[in-house]
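Chain A is fixed; fit chain B onto it per the hints.
Number of protein chains: 2
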Amino acid sequence: MANSEACASALELFNSITTQGEHVRALKARNASKDEIDSAVKMLLSLKMSYKAAMGEDYKADCPPGNPAPGINHGPEATEAEEDFVDPWTVQTSSAKGIDYDKLIVRFGSSKIDKELINRIERATGQRPHHFLRRGIFFSHRLGSNSYHDSNCKEVSTYIKGDISFLPPCFFRWLQDVFNVPLVIQMTDDEKYLWKDLTLDQAYGYAVENAKDIIACGFDINKTFIFSDLDYMGMSPGFYKNVVKIQKHVTFNQVKGIFGFTDSDSIGKISFPAIQAAPSFSNSFPQIFGDRTDIQCLIPCAIDQDPYFRMTRDVAPKIGYPKPALLHSTFFPALQGAQTKMSASDPNSSIFLTDTAKQIKTKVNKHAFSGGRDTIEEHRQFGGNCDVDVSFMYLTFFLEDDDKLEQIRKDYSSGAMLTGELKKTLIEVLQPLIAEHQARRKEVTDEIVKEFMTPRKLSFDFQ
Amino acid sequence: MANSEACASALELFNSITTQGEHVRALKARNASKDEIDSAVKMLLSLKMSYKAAMGEDYKADCPPGNPAPGINHGPEATEAEEDFVDPWTVQTSSAKGIDYDKLIVRFGSSKIDKELINRIERATGQRPHHFLRRGIFFSHRLGSNSYHDSNCKEVSTYIKGDISFLPPCFFRWLQDVFNVPLVIQMTDDEKYLWKDLTLDQAYGYAVENAKDIIACGFDINKTFIFSDLDYMGMSPGFYKNVVKIQKHVTFNQVKGIFGFTDSDSIGKISFPAIQAAPSFSNSFPQIFGDRTDIQCLIPCAIDQDPYFRMTRDVAPKIGYPKPALLHSTFFPALQGAQTKMSASDPNSSIFLTDTAKQIKTKVNKHAFSGGRDTIEEHRQFGGNCDVDVSFMYLTFFLEDDDKLEQIRKDYSSGAMLTGELKKTLIEVLQPLIAEHQARRKEVTDEIVKEFMTPRKLSFDFQ
Numbered sequence: 001m002a003n004s005e006a007c008a009s010a011l012e013l014f015n016s017i018t019t020q021g022e023h024v025r026a027l028k029a030r031n032a033s034k035d036e037i038d039s040a041v042k043m044l045l046s047l048k049m050s051y052k053a054a055m056g057e058d059y060k061a062d063c064p065p066g067n068p069a070p071g072i073n074h075g076p077e078a079t080e081a082e083e084d085f086v087d088p089w090t091v092q093t094s095s096a097k098g099i100d101y102d103k104l105i106v107r108f109g110s111s112k113i114d115k116e117l118i119n120r121i122e123r124a125t126g127q128r129p130h131h132f133l134r135r136g137i138f139f140s141h142r143l144g145s146n147s148y149h150d151s152n153c154k155e156v157s158t159y160i161k162g163d164i165s166f167l168p169p170c171f172f173r174w175l176q177d178v179f180n181v182p183l184v185i186q187m188t189d190d191e192k193y194l195w196k197d198l199t200l201d202q203a204y205g206y207a208v209e210n211a212k213d214i215i216a217c218g219f220d221i222n223k224t225f226i227f228s229d230l231d232y233m234g235m236s237p238g239f240y241k242n243v244v245k246i247q248k249h250v251t252f253n254q255v256k257g258i259f260g261f262t263d264s265d266s267i268g269k270i271s272f273p274a275i276q277a278a279p280s281f282s283n284s285f286p287q288i289f290g291d292r293t294d295i296q297c298l299i300p301c302a303i304d305q306d307p308y309f310r311m312t313r314d315v316a317p318k319i320g321y322p323k324p325a326l327l328h329s330t331f332f333p334a335l336q337g338a339q340t341k342m343s344a345s346d347p348n349s350s351i352f353l354t355d356t357a358k359q360i361k362t363k364v365n366k367h368a369f370s371g372g373r374d375t376i377e378e379h380r381q382f383g384g385n386c387d388v389d390v391s392f393m394y395l396t397f398f399l400e401d402d403d404k405l406e407q408i409r410k411d412y413s414s415g416a417m418l419t420g421e422l423k424k425t426l427i428e429v430l431q432p433l434i435a436e437h438q439a440r441r442k443e444v445t446d447e448i449v450k451e452f453m454t455p456r457k458l459s460f461d462f463q
Numbered sequence: 001m002a003n004s005e006a007c008a009s010a011l012e013l014f015n016s017i018t019t020q021g022e023h024v025r026a027l028k029a030r031n032a033s034k035d036e037i038d039s040a041v042k043m044l045l046s047l048k049m050s051y052k053a054a055m056g057e058d059y060k061a062d063c064p065p066g067n068p069a070p071g072i073n074h075g076p077e078a079t080e081a082e083e084d085f086v087d088p089w090t091v092q093t094s095s096a097k098g099i100d101y102d103k104l105i106v107r108f109g110s111s112k113i114d115k116e117l118i119n120r121i122e123r124a125t126g127q128r129p130h131h132f133l134r135r136g137i138f139f140s141h142r143l144g145s146n147s148y149h150d151s152n153c154k155e156v157s158t159y160i161k162g163d164i165s166f167l168p169p170c171f172f173r174w175l176q177d178v179f180n181v182p183l184v185i186q187m188t189d190d191e192k193y194l195w196k197d198l199t200l201d202q203a204y205g206y207a208v209e210n211a212k213d214i215i216a217c218g219f220d221i222n223k224t225f226i227f228s229d230l231d232y233m234g235m236s237p238g239f240y241k242n243v244v245k246i247q248k249h250v251t252f253n254q255v256k257g258i259f260g261f262t263d264s265d266s267i268g269k270i271s272f273p274a275i276q277a278a279p280s281f282s283n284s285f286p287q288i289f290g291d292r293t294d295i296q297c298l299i300p301c302a303i304d305q306d307p308y309f310r311m312t313r314d315v316a317p318k319i320g321y322p323k324p325a326l327l328h329s330t331f332f333p334a335l336q337g338a339q340t341k342m343s344a345s346d347p348n349s350s351i352f353l354t355d356t357a358k359q360i361k362t363k364v365n366k367h368a369f370s371g372g373r374d375t376i377e378e379h380r381q382f383g384g385n386c387d388v389d390v391s392f393m394y395l396t397f398f399l400e401d402d403d404k405l406e407q408i409r410k411d412y413s414s415g416a417m418l419t420g421e422l423k424k425t426l427i428e429v430l431q432p433l434i435a436e437h438q439a440r441r442k443e444v445t446d447e448i449v450k451e452f453m454t455p456r457k458l459s460f461d462f463q
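Each protein sequence line maps, in turn, to chains A and B.
Heads up: the first sequence begins at 1 in the UniProt record's numbering, then just goes up one per residue.
Heads up: the second sequence begins at 1 in the UniProt record's numbering, then just goes up one per residue.
The following block holds chain A by itself, in its conformation from the complex (with noise of 0.2 Å):
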């Protein structure tokens, strides 16, 4: 008990320390004045003394105290890795495969997705996991001790709560049919008003053209809740009552920690963090779960969201309420490659759902990075690297028949296949993709758009 007691706190100042080299990357990202780095550094720096002297050995960036040797890469790759950046806004790594994962698991402190997890899944549920799953879209957890891998998973009290900005939202209607629970979608339109030049109006505006691309993914209205932040908190006894609860527990100095905010920063900003919280408990929805506090949230979302949620995860005990369990997702890469994340103010970053087949045509054969060779004498000899290659990585998310994307992997690294061929079989399978998710989303009137946003029952299993 002592001795992990002794772990525990050890590990809390290996947090730290990761926590605090984040903030320093984050200020110099940011170019922030002299003092206020020197000063983080500083911090950074009595960190790593206090974990000598508490551990007899120096920090080291991936391997945690208790986790011995992550062993095989401790040469320049491991410095490399270390420049990865990830936090809500920012995601950058000098790498074209994009962000060493495994790396992120370790400084993050979760856990990775693995085979066996992924065949608990699937005997639990009864359903062959989702192909996010088994290509390991999804790779990292916090599930901690609930059971959504136990046999007896179809009676967890769960709802699902998404943010569905950069992801595929077929993951979630996986979810919520093998689980058959109600899934909420929250909508951050304050966090857009409070970051970016808009007005009120503007931030709903988009909040509700988004709401009309969800609902045109076919989600069950019987079990989905779509709401906007700034609509829903004048609508729900219980949202505003949880944001205060969990503004209470955290300090200034914690969310400067996790998001590297400053003094400079509105406290519209520096006080968000709760509201991107509160959805995490079942209460903030009285109209769905009533006064009930014990149902747990699961939150699939791309890795970049992870420190809301780790927030989350440390206030809930303290506030009586159990943690959110999170899937965590890999980025969706921007058509330039994988270092950064696609940014939905770039139209050519990435495909959009309102693309036109023209319009994907021309942006995949244009802007999607190759991994192919300079000449197709060469590719034809050396074969060309899925690892880099965008269109490639873009049908790991959206060719679901797991046979035909191996054989374009081997053709493609074999040389068998040239990038222009890769390219067009992308093409074929975003067009129709997207044209019916066009004709999906023109049905959905402004009605259907109400009825999901209204606050009501839902139907659900669970007791």
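Hints are not guaranteed to be accurate.
All copies of an identical chain are treated as equivalent in the list; a pair is satisfied when it fits inside any one copy or across any two copies.
Claimed, not checked - Think about it this way: if two alpha-carbon atoms lie no more than 25 Å apart in a straight line, the pair counts; the simulated DSS-like pairs of lysine-lysine are:
#1 K358 - K318
#2 K318 - K196
#3 K34 - K48
#4 K450 - K48
#5 K256 - K42
#6 K358 - K442
#7 K196 - K256
#8 K223 - K103
#9 K256 - K366
#10 K115 - K97
#11 K60 - K358
#12 K34 - K256
Simulated from the structure, these hints should not be mistaken for lab results.
Same frame as chain A, now just chain B:
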């Protein structure tokens, strides 16, 4: 023009120094760390140096730029008055007469309610000014460009926002009557929850009890809306939107300067000033005012609440709303003397609405600080001191008859009236006041409270 701009910027600097000085005092008052205090003092000194460089002379606390020579008192008393400390949570002075309110007007940059303004209000309303105005209990204002004191005041689109905790509500009733406007009463139960060791339910419970006392004062239900923040946030389509708007336009640096928050404060406290501010804008109450944003808010409050509304007035033009107008009152003194304001948590610090006739008698006799002499002989010879006598101060609040009050002042000052007799007079004024209040409060049913706290249309005259 250039000249007045220079003045404005010197005044800004002056105000920054004042604010920073208050911040230093706040840090000292709460025994902040040496580092924190040192860094705040350093900032203060640097501001003072900038001021001297800009103005060619030293910063003097009671001599703002463009306001030549308050003259009379630059000696020890000026220093003493500088020791007054006033913010929303702490009011302290070393003088038994209480805070030097004239100095506060200079320091806060508000305006004095003088005889001329009172006469204009009398002419405009056709009503005798309330004794709180006649006697200088409301002593300061920020009425700006509105026209409460013009002949057309009845046509001004105004509502009154009250935070009644430490002010006898009769003044609000008088204002509501003479201007015939809606009154909204904000009960900041979220603030109580954030600052104190209470549950949400407890904080809300106190708010409801508080509402009963307010209702018992006889407010017109057709013109009065009472709301708890915790409750109303989830019922108003407009409140949260205004909160976010305000939060976007206020930085942590600003609330740090105004309220003395530190990095260790909860993000709830840090963002709370926006909650306090939002009801100053009429579209926070769509049930009452629709989406109108042009209706001006008049806020009578104790002067220690001014920082919230200085902030609100700063933000208002940035978000396209009219600035709220303010009337500032002195503090209701503690029985023990005017050095501090009364505290709800110390039962002997004031007369409470729940006190029995006997408790009133005992408290006044035992705890009310006396301005009388040590012996009857001395008292008869030299007279008592009304300026420090708390019983006399209470009479200025509760005895409406000016002639009678003046007679008491004369008799006590001359020594014709003894302290026991003065206290007896106060007891005889308070006992029926409180007893009547208690009788009326008993009539306030839960249904009536619910009605007052239900968002709904209110009646008003203006266009």
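Hint check results:
1. In this assembly of identical chains, the alpha carbons of K358 and K318 never lie at most 25 Å apart, being 53 Å within a copy and 44 Å across copies at closest.
2. Taking the shortest Cα distances, K318 and K196 sit within 25 Å of each other only across copies (16 Å), while inside one copy they are farther apart (32 Å).
3. For a Cα distance limit of 25 Å, the shortest separation of K34 from K48 qualifies both inside one copy, at 21 Å, and across copies, at 24 Å.
4. For the identical chains of this complex, K450 and K48 are neighbours neither inside a copy (53 Å) nor across copies (57 Å), given an alpha-carbon limit of 25 Å.
5. For the identical chains of this complex, K256 and K42 are neighbours both inside a copy (16 Å) and across copies (23 Å), given an alpha-carbon limit of 25 Å.
6. In this assembly of identical chains, the alpha carbons of K358 and K442 lie at most 25 Å apart only when taken from the same copy (19 Å versus 75 Å across copies).
7. Taking CA atoms no more than 25 Å apart as the test, K196 paired with K256 passes in both settings, with 20 Å inside one copy and 24 Å between copies.
8. For the identical chains of this complex, K223 and K103 are neighbours neither inside a copy (36 Å) nor across copies (62 Å), given an alpha-carbon limit of 25 Å.
9. In this assembly of identical chains, the alpha carbons of K256 and K366 never lie at most 25 Å apart, being 41 Å within a copy and 51 Å across copies at closest.
10. Taking CA atoms no more than 25 Å apart as the test, K115 paired with K97 passes inside one copy only; the shortest distance there is 22 Å, against 77 Å between copies.
11. For the identical chains of this complex, K60 and K358 are neighbours neither inside a copy (50 Å) nor across copies (72 Å), given an alpha-carbon limit of 25 Å.
12. Taking the shortest Cα distances, K34 and K256 sit within 25 Å of each other both inside one copy (17 Å) and across copies (21 Å).
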